[in-house]
Amino acid sequence: MATRRAPTIGIDLGTTNSCVAVLEQGAPVVIHNQEGARTTPSMVAFTDGGVLVGATAKRQAVMNAARTVFGAKRLLGRRFDSPEVQRLRAGLPYPIVRGPTGDAWIRIGERALSPQEISALVLEKMRQIAEDYLGCPVKEAIVTVPAYFDDAQRQATKDAGRIAGLEVRRILNEPTAAALAYGVHKSGHPQKLAVVDLGGGTFDVSILQVEDGVFEVLAIAGDTALGGDDVDRRLVGAFAAAIKHESGADTAADPMALQRLKEAAEKAKHELSETLVSAVNLPFVAQRDGQPVHFQHEIRRRELETLTGDLVAQLEPSCQRALEDARIEPRELDHVILVGGMTRMPAVQQRIEAIFGRPPSKGVNPDEIVAVGAATQSAILEGALREVVLLDVTPHALGIRAEGDRMSVIIPRNCTVPTREHKIFATTQDDQTLVTIEMFQGDEVDVRKNRSLGEFTLGGLPRAGAGEIHVEVAFTVDVDGILHVSAQEMATGRAASIKVSACSGLPPSEVARLAAARKH
Amino acid sequence: MAGPGPARREPRIPFRAKVKVRCESWDRVVALYTRNISRGGLFLRTDNPPAPGGAVLVQLGLPDGRTLDLAAQVAHVVSPERARVDGRSPGMGVVFGRLDDAQRELLDQIVRQAQSEPVVEVEAEAPPEPPPQPPEPDGGARPLEQARPPPSPPLDEESRKLLSALQAELGRLRELRPWEVLGVGADAPEDQIRSAFRVLCKRHHPDGFGGHRAAEVRAAASDCFIVIKKAYERVLALRRLPARTPAPPSAPAGPRTGARSPERTSTEPVVIGPPAPAPARPPRSFVVPPALQPGTGVHPAVPARVPTEPPPAPPAAAQPEEPAAPTAPFEPEFAPTPRSLSSEDLFGGLAGPAGRAAAPPAPTAPAAARPAATRSAGEEGLELYRAQQYGDARTRLAEALRRDPRNRPYRVAHHLSIGFELRAQNREQEARRQFESVLFLDPENADALAALRSPSTDQREQKRGFLKKLLDRE
Numbered sequence: 003m004a005t006r007r008a009p010t011i012g013i014d015l016g017t018t019n020s021c022v023a024v025l026e027q028g029a030p031v032v033i034h035n036q037e038g039a040r041t042t043p044s045m046v047a048f049t050d051g052g053v054l055v056g057a058t059a060k061r062q063a064v065m066n067a068a069r070t071v072f073g074a075k076r077l078l079g080r081r082f083d084s085p086e087v088q089r090l091r092a093g094l095p096y097p098i099v100r101g102p103t104g105d106a107w108i109r110i111g112e113r114a115l116s117p118q119e120i121s122a123l124v125l126e127k128m129r130q131i132a133e134d135y136l137g138c139p140v141k142e143a144i145v146t147v148p149a150y151f152d153d154a155q156r157q158a159t160k161d162a163g164r165i166a167g168l169e170v171r172r173i174l175n176e177p178t179a180a181a182l183a184y185g186v187h188k189s190g191h192p193q194k195l196a197v198v199d200l201g202g203g204t205f206d207v208s209i210l211q212v213e214d215g216v217f218e219v220l221a222i223a224g225d226t227a228l229g230g231d232d233v234d235r236r237l238v239g240a241f242a243a244a245i246k247h248e249s250g251a252d253t254a255a256d257p258m259a260l261q262r263l264k265e266a267a268e269k270a271k272h273e274l275s276e277t278l279v280s281a282v283n284l285p286f287v288a289q290r291d292g293q294p295v296h297f298q299h300e301i302r303r304r305e306l307e308t309l310t311g312d313l314v315a316q317l318e319p320s321c322q323r324a325l326e327d328a329r330i331e332p333r334e335l336d337h338v339i340l341v342g343g344m345t346r347m348p349a350v351q352q353r354i355e356a357i358f359g360r361p362p363s364k365g366v367n368p369d370e371i372v373a374v375g376a377a378t379q380s381a382i383l384e385g386a387l388r389e390v391v392l393l394d395v396t397p398h399a400l401g402i403r404a405e406g407d408r409m410s411v412i413i414p415r416n417c418t419v420p421t422r423e424h425k426i427f428a429t430t431q432d433d434q435t436l437v438t439i440e441m442f443q444g445d446e447v448d449v450r451k452n453r454s455l456g457e458f459t460l461g462g463l464p465r466a467g468a469g470e471i472h473v474e475v476a477f478t479v480d481v482d483g484i485l486h487v488s489a490q491e492m493a494t495g496r497a498a499s500i501k502v503s504a505c506s507g508l509p510p511s512e513v514a515r516l517a518a519a520r521k522h
Numbered sequence: 015m016a017g018p019g020p021a022r023r024e025p026r027i028p029f030r031a032k033v034k035v036r037c038e039s040w041d042r043v044v045a046l047y048t049r050n051i052s053r054g055g056l057f058l059r060t061d062n063p064p065a066p067g068g069a070v071l072v073q074l075g076l077p078d079g080r081t082l083d084l085a086a087q088v089a090h091v092v093s094p095e096r097a098r099v100d101g102r103s104p105g106m107g108v109v110f111g112r113l114d115d116a117q118r119e120l121l122d123q124i125v126r127q128a129q130s131e132p133v134v135e136v137e138a139e140a141p142p143e144p145p146p147q148p149p150e151p152d153g154g155a156r157p158l159e160q161a162r163p164p165p166s167p168p169l170d171e172e173s174r175k176l177l178s179a180l181q182a183e184l185g186r187l188r189e190l191r192p193w194e195v196l197g198v199g200a201d202a203p204e205d206q207i208r209s210a211f212r213v214l215c216k217r218h219h220p221d222g223f224g225g226h227r228a229a230e231v232r233a234a235a236s237d238c239f240i241v242i243k244k245a246y247e248r249v250l251a252l253r254r255l256p257a258r259t260p261a262p263p264s265a266p267a268g269p270r271t272g273a274r275s276p277e278r279t280s281t282e283p284v285v286i287g288p289p290a291p292a293p294a295r296p297p298r299s300f301v302v303p304p305a306l307q308p309g310t311g312v313h314p315a316v317p318a319r320v321p322t323e324p325p326p327a328p329p330a331a332a333q334p335e336e337p338a339a340p341t342a343p344f345e346p347e348f349a350p351t352p353r354s355l356s357s358e359d360l361f362g363g364l365a366g367p368a369g370r371a372a373a374p375p376a377p378t379a380p381a382a383a384r385p386a387a388t389r390s391a392g393e394e395g396l397e398l399y400r401a402q403q404y405g406d407a408r409t410r411l412a413e414a415l416r417r418d419p420r421n422r423p424y425r426v427a428h429h430l431s432i433g434f435e436l437r438a439q440n441r442e443q444e445a446r447r448q449f450e451s452v453l454f455l456d457p458e459n460a461d462a463l464a465a466l467r468s469p470s471t472d473q474r475e476q477k478r479g480f481l482k483k484l485l486d487r488e
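Same order as they appear, the protein sequences are chains A and B. Position one of the first sequence corresponds to residue 3 (the numbering used here), numbered consecutively onward. Position one of the second sequence corresponds to residue 15 (the numbering used here), numbered consecutively onward.
Chain A with its partners taken away, still in its complex shape (with noise of 0.2 Å):
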């Protein structure tokens, strides 16, 4: 036992960059890293001399693209097969797998890597971080997501910190987190406010509501697959393109080019949110026929915008959403707050000014204000901040497969957090002695139109008629945002239950054996 109890971290484990706060005299504050950086990329390398994680990583990625592995978030919790995966597939200079559970890996070298493993090496570099700064060690870390993230993107999360032997004591909403950290609570009138969080991979809007302390969420809306990633992929492909037309040579297929070129639209696209335009030098980018080919390029913020115009385009929908499952006007908002590096974006700055009728509120650091919730957080939990509590909600509808692949809502969207539902469901068939309980989210009425969580079954119901047989499924969601699914037979009270997240992810044997591994 340390004399002194190790404090519990905040980070903020983004797609591009991660960022980690800690309580000091109950006021947070960011941590700098070795480099002196308050944020540190998420990027982690395979080199024959070992693991490079954060800004190390980041400057050998060109001469080792194929084993440097960048937003790696957006693999989490996600099944190979999606859409979202496959989408990103095509242009990535590492290859992805499927994993053994049907889950997206990296494959590096010979082995094939989870992404929460990949993410654990980011914990546990934040831990580091912390660590050295407070000089004591580090076990417990409250770890931001987007608002929108599922429960299996969830679970990999705390999956990832048990990895980095963090114990992770809250799951929290990025923008809620943002929200805290924007202090709106200390001026004492009830407030709503919009918080837009555009980050690397992620996009979501959330509308909550303050008062006397207490952040009730209302509505959130957004896209797991909208942010940074997708601005720099089309840069990308508007260079490589360029390229092409220009000298012939294909840089798709060469992860070292690909490399170079991200780099250089992620520096273009910086630029261009403070200038109108910025150059493009890259020499030596390819081969063609033997010929060195260099690419040289000025790209104007008008190109820009007309590149990315659909991808900004995307923003509004999911904004109006939240506005009408919240039930408020724009005209009510208090404040619009902006979180995430891609809002520093003029478009995008523009586009959200245009949906919420005012200005963003000026004054917050996108990069760090997240980091700076979640250390605030650590102080509601061990009962520092009485006066202040978070009411989160379930991002998606949760329900079961009913008969006529009819989706059977338990949980509807946007309710607040913790929960949990009762619904009584009939057997169909005669003599019907088990039932199998598939779990789906979304919006959809035809189940397969939306995301299945898994399945379980409940075995050994008594014989009897159809629909004589009354079996209650109950749906408790926590207040991490962690579904939990049980099922009883009503008449003989035989019961399964199954946290949800058991059907997909790491097994839960396979994250303490990581975590043990990891400790060597």
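I should point out that these hints are in silico values taken from the structure, not numbers from a laboratory. Remember, it's a predicted structure, so these values are computed and weren't measured experimentally. Be careful, since some hints might not be right.
[Unchecked claim] Within a straight-line C-alpha distance of at most 27 Å, the following computed BS3-like cross-link-like pairs (lysine-lysine) qualify: (1) A:K269 with A:K246; (2) A:K364 with A:K188; (3) B:K32 with A:K425; (4) A:K194 with B:K175; (5) A:K194 with B:K216; (6) A:K425 with B:K244; (7) B:K175 with B:K244; (8) B:K216 with B:K175; (9) B:K216 with A:K188; (10) A:K269 with A:K364; (11) B:K216 with B:K244; (12) A:K451 with A:K425; (13) A:K194 with A:K364.
With chain A fixed as given, assemble chain B onto it according to the hints.
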């Protein structure tokens, strides 16, 4: 029956019957068992009672096959927590709304009949014996406990105290009307409701217990919070209702019920009118409950059955047409499960494939061909049961049921045997579940009723005199 229910004027008569019940917070019709009835209301057994004050629709079956639909209001509930402590049945007491003359007449008949109804012992009539079957999983003997985090690490003193305080609070909260949970009046203004909720959030949100590493404490806080949250949502919904959608003019006029034709389509939402001034009511003004969600018809007298064809291979393919959801209240909701379980079945008890696939080619075999062994095993089991040799009775009955799974008397006696065995082992809760499942099979079963009535493990309770006990009024 404690509970803040209004004083009853009508005598309550023990009354066990399966009734169909629909309340606003459940989205489908559920079969529940009554425990008693009076001219003013009845008590329904359920582990998941809705909040008091809610509107319910109760459909009683009449001996002649007709049904009597009554609008009612939940007067009080007995939470499962309290039921455990007090050794009674969890459930809800409902008071009927205003009855018209025809309804009152029918209700009187039912109550009168309940008073005079002789209680029949389990009839052990010899059923026809089907051919042998693959062994059936012994479903009842090991009812799995409700999924709860296992209480593995021992709690320290402080956590234990906190846990029991939270559990007591939970039991208390569950029996309150939504606005009572929040501590506001039924007609409190919205800002008062919100502010009350915020205060309770700070007290009960599980994050406030984040410092307690014991998962049970956080889980209990979570449960409390869920009750509070639901009460809040409910009160807000009630509050907002008149402003948003004025109640249909017909709604307050009393129950839109009566023995009606089952063919009622429900393209229009069914509205449970607010219970009109019942004989005994809370003094507070009653808030108009919201309409039920659309798609919930008043139920036909006979549960709609879906053609029970063998399921097609993939559940998605070629289902018989969807049983028009809104019209069939008892519409079977589970997709059939054609796949068979592997032998490493979740429950360990299922040998071989289960489900439809496992069903025997039973119905075609002529009765004469059935081995006499079945009957004797079943009969022997019943004998043993009557002789209170429950262990042996269970074995024999299980054997008989394996061959003849649809034999109700055997099934009933089997559950009873298990129940009494469990009770003898002081596993009261499990025993009760057995008896309750008997009531599902046979709502009038005297042994089960008597067994459920006596929560004690006193051996005397198990012995004779069930009939006599049944005559005792609760």
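Hint check results:
no., hint, result
1, A:K269 with A:K246, "holds, 21 Å"
2, A:K364 with A:K188, "holds, 17 Å"
3, B:K32 with A:K425, "holds, 19 Å"
4, A:K194 with B:K175, "violated, 39 Å"
5, A:K194 with B:K216, "holds, 19 Å"
6, A:K425 with B:K244, "holds, 15 Å"
7, B:K175 with B:K244, "holds, 26 Å"
8, B:K216 with B:K175, "holds, 20 Å"
9, B:K216 with A:K188, "holds, 16 Å"
10, A:K269 with A:K364, "holds, 24 Å"
11, B:K216 with B:K244, "holds, 16 Å"
12, A:K451 with A:K425, "holds, 22 Å"
13, A:K194 with A:K364, "holds, 16 Å"
Checked against the numbered hints given earlier, the structure breaks only hint 4 and satisfies all the rest.
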